[in-house]
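> The chain contents come next:
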Amino acid sequence: MMAKDKYTHAIQVDTTTCIGCSHCMKVCPTQAIRIIDGHANIRPERCVDCGECYRVCPVDAIYVRDDELKVMQEFDHRFALIPSVFIGQFPAEFTTSRILQAVHQLGFHEVFEVEHAVDLMKAEYQRQSDKLDSLKPRISSYCPAIVRLIQVAFPSLTDHILQLKAPHDIAANYCKAKIQNEQSDVRKPGVFYITPCASKIVAAKAPEGERESPIDGVFNMNSLYNKVYQILVSDDENQCRKQMADLSPDSVNWSLSGYERKYFNGRALAIDGMENVLEFLEKLESGQISEIDFLELRACDQGCAGGILCPGNRFLTVERLESRQNRLEVLLKLNQKLNNPLMESASELSKNLSTDPILPRSEMLIDKDMETALQKMDRLKTIAAYLPGFDCGACGAPTCRSLAEDIVKNKASMSHCVFVQRIMEKNYKLSPEQAFQMIEKIWGKNRLNKYVDKNGNIDA
Amino acid sequence: MEMQFHIEGGDFSGAGTASSEVKKVLKQLNISPMIIRRIAVALYEAEVNVVAHAFSGEMTVNIESDKIQICIVDEGPGIEDIEQAMQEGFSTASDKVREMGFGAGMGLPNIKRNTDEMKLSSIPGKGTTIEIIVKF
Ligand SMILES: Nc1ncnc2c1ncn2[C@@H]1O[C@H](COP(=O)(O)OP(=O)(O)OP(=O)(O)O)[C@@H](O)[C@H]1O
Ligand code: SF4
Ligand SMILES: [Mg+2]
Numbered sequence: 001m002m003a004k005d006k007y008t009h010a011i012q013v014d015t016t017t018c019i020g021c022s023h024c025m026k027v028c029p030t031q032a033i034r035i036i037d038g039h040a041n042i043r044p045e046r047c048v049d050c051g052e053c054y055r056v057c058p059v060d061a062i063y064v065r066d067d068e069l070k071v072m073q074e075f076d077h078r079f080a081l082i083p084s085v086f087i088g089q090f091p092a093e094f095t096t097s098r099i100l101q102a103v104h105q106l107g108f109h110e111v112f113e114v115e116h117a118v119d120l121m122k123a124e125y126q127r128q129s130d131k132l133d134s135l136k137p138r139i140s141s142y143c144p145a146i147v148r149l150i151q152v153a154f155p156s157l158t159d160h161i162l163q164l165k166a167p168h169d170i171a172a173n174y175c176k177a178k179i180q181n182e183q184s185d186v187r188k189p190g191v192f193y194i195t196p197c198a199s200k201i202v203a204a205k206a207p208e209g210e211r212e213s214p215i216d217g218v219f220n221m222n223s224l225y226n227k228v229y230q231i232l233v234s235d236d237e238n239q240c241r242k243q244m245a246d247l248s249p250d251s252v253n254w255s256l257s258g259y260e261r262k263y264f265n266g267r268a269l270a271i272d273g274m275e276n277v278l279e280f281l282e283k284l285e286s287g288q289i290s291e292i293d294f295l296e297l298r299a300c301d302q303g304c305a306g307g308i309l310c311p312g313n314r315f316l317t318v319e320r321l322e323s324r325q326n327r328l329e330v331l332l333k334l335n336q337k338l339n340n341p342l343m344e345s346a347s348e349l350s351k352n353l354s355t356d357p358i359l360p361r362s363e364m365l366i367d368k369d370m371e372t373a374l375q376k377m378d379r380l381k382t383i384a385a386y387l388p389g390f391d392c393g394a395c396g397a398p399t400c401r402s403l404a405e406d407i408v409k410n411k412a413s414m415s416h417c418v419f420v421q422r423i424m425e426k427n428y429k430l431s432p433e434q435a436f437q438m439i440e441k442i443w444g445k446n447r448l449n450k451y452v453d454k455n456g457n458i459d460a
Numbered sequence: 461m462e463m464q465f466h467i468e469g470g471d472f473s474g475a476g477t478a479s480s481e482v483k484k485v486l487k488q489l490n491i492s493p494m495i496i497r498r499i500a501v502a503l504y505e506a507e508v509n510v511v512a513h514a515f516s517g518e519m520t521v522n523i524e525s526d527k528i529q530i531c532i533v534d535e536g537p538g539i540e541d542i543e544q545a546m547q548e549g550f551s552t553a554s555d556k557v558r559e560m561g562f563g564a565g566m567g568l569p570n571i572k573r574n575t576d577e578m579k580l581s582s583i584p585g586k587g588t589t590i591e592i593i594v595k596f
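Order-wise, the sequence lines are chains S and B. Heads up, the first sequence is in our numbering, so the first residue is 1 and it goes up one at a time. Heads up, the second sequence is in our numbering, so the first residue is 461 and it goes up one at a time.
All clues given are correct.
Straight-line distance between alpha carbons at most 30 angstroms, and here's what the computed DSS-like set of lysine-lysine pairs gives:
1) Lys595(B) - Lys409(S)
2) Lys381(S) - Lys527(B)
3) Lys484(B) - Lys136(S)
4) Lys595(B) - Lys283(S)
5) Lys411(S) - Lys484(B)
6) Lys368(S) - Lys527(B)
7) Lys283(S) - Lys572(B)
8) Lys484(B) - Lys409(S)
9) Lys381(S) - Lys579(B)
10) Lys484(B) - Lys368(S)
11) Lys411(S) - Lys527(B)
12) Lys136(S) - Lys579(B)
13) Lys527(B) - Lys409(S)
14) Lys527(B) - Lys136(S)
Please keep in mind that the hints were generated in silico from the structure rather than gathered at the bench.
From just these sequences and the hints, can you work out the full model?
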């Protein structure tokens with residue numbers, strides 16, 4: 001069975017800014033990008049919103065579709081859901097409670113840290129590892145970019161993904177239940193998540209394996225950081241609350257790499273960074289790796305500390321979170337007991353932890369009909385053999401093989417290849433004008449102008 | 461369609477290239493992911509057997525609309541007792557091969573489990589031929 005629902009995306013290309021340089025095309029893990037008419041085109045059916053393209057764009061033409069703060073206004077009780085990596089963006093002189101307070105001042109009624117939900121997940125991991133069957137390894141459902149990557153590029157591994165909701169989902173459910181119990185006059189409570197990445201936006205808007213999301217809006221961590229920073233520097237410190245021991249110390253690091261796996265009994269590995277994940281899944285899918293019980297996978301280097309919307313340096317973020325863990329450990333010793341408010345509703349929330357199975361997506365298919373597909377595959381092989389194999393990208397496709405694929409799918413032609421073009425020209429099969437038109441179709445009419453704008457002058 | 465691969469004995473780091481390539485093609489055809497997985501696993505085990513036990517081999521893969529047929533012919537020591545080789549846990553792997561994490565004697569049984577047909581034949585002192593079929 002394949003996933004049928006609408007496939008939404010947060011990563012977009014601003015085509016007027018894009019200079020068609022092809023950097024993004026080269027790094028896309030699912031070969032979802034082509035250069036057409038002088039700018040990057042993302043094929044939605046293949047995009048997993050990992051944001052690798054966003055990282056490498058030299059002119060900031062890739063952007064993330066998020067919500068504006070004003071979407072909050074229609075809600076009469078507003079929660080800010082804050083992931084701990086947000087705290088980790090700030091210099092240590094600003095305490096956690098000051099930062100939370102500053103977010104509060106942006107127009108929220110309550111702020112709540114996402115990682116409160118982690119205690120509940122830890123218990124669930126124990127349960128899941130105890131009932132582990134032959135379907136090994138189980139793969140964490142935490143990183144939505146990874147879940148989508150598996151659906152699109154490693155479809156035979158989808159049933160290894162844990163059917164477990166993300167902490168932000170659980171925390172949002174908690175917030176909504178809480179306000180309904182406490183204040184019956186609240187008509188429309190809203191929960192807003194501050195995201196470190198594009199894939200969490202998609203996960204909050206259209207979660208895989210869930211019918212609807214309890215999140216009402218998602219704010220970009222990058223832009224919120226600036227707003228909060230301004231409040232912090234103009235703030236008077238005295239009005240802030242003391243920090244409480246309400247989070248388990250190591251929960252604050254759950255989104256980083258290497259913490260989640262500690263809670264799954266057995267042989268568990270943590271892998272972070274898109275390239276590392278790809279290499280590993282490739283081997284896993286062909287049975288080259290076995291006897292592993294759990295895989296914690298993060299699309300970003302250093303986990304969410306390396307998210308594309310995190311303004312800070314990922315290593316400094318990790319440092320800050322780890323020192324927060326130490327401080328929470330001291331606090332916990334002093335207080336003797338953890339006061340995680342979410343755990344008071346643990347039994348209620350536990351009933352609503354699982355998702356539907358994650359289904360594969362059939363986006364890599366060359367044709368639905370087997371006979372036709374085989375013919376096309378044969379043609380693809382022949383074409384690929386004629387292409388030079390340089391993977392130069394000048395045709396607007398990331399590799400010679402992907403151009404061959406586009407050709408058999410009637411999305412490109414042989415003369416897109418500059419080397420083939422040159423030979424055709426030499427043999428008078430193609431006039432220089434035709435070749436020129438071809439190039440213009442790929443790289444766009446205004447390419448030169450855009451480069452001039454970018455470099456400031458034409459001599460450069 | 462047909463694909464061919466050369467497998468070099470002793471080249472452990474190269475083992476898996478053929479099964480990866482075949483998997484890439486299969487993923488673009490409308491074949492259930494679970495079947496692809498079975499094929500990939502069987503192919504990899506067969507590939508490693510050439511790497512671990514033989515000198516060199518040629519793999520021919522034939523994909524038709526209803527099945528995949530794979531044939532690997534190798535030059536090597538061959539197998540004296542095929543029935544024994546098929547038993548779970550039977551292995552003649554050298555210590556060196558075991559150090560690399562192979563030699564559990566699970567390869568051939570694994571191939572059998574993951575395929576619809578499997579034929580193993582050998583001339584001791586000359587080489588081994590394995591033919592497998594998986595139906596879509
Ligand atoms: N291509 C081959 N050439 C020669 N001998 C082989 C070949 N394939 C298998 N054998 C023999 O059959 C035995 C069993 O093979 P099998 O693949 O089941 O286990 P293994 O390769 O020893 O260990 P594992 O596959 O678990 O790493 C091998 O130890 C070897 O003696
Ligand atoms: S590792 Fe974290 S920040 Fe990066 S894509 Fe996954 S969930 Fe988002
Ligand atoms: Mg073997």
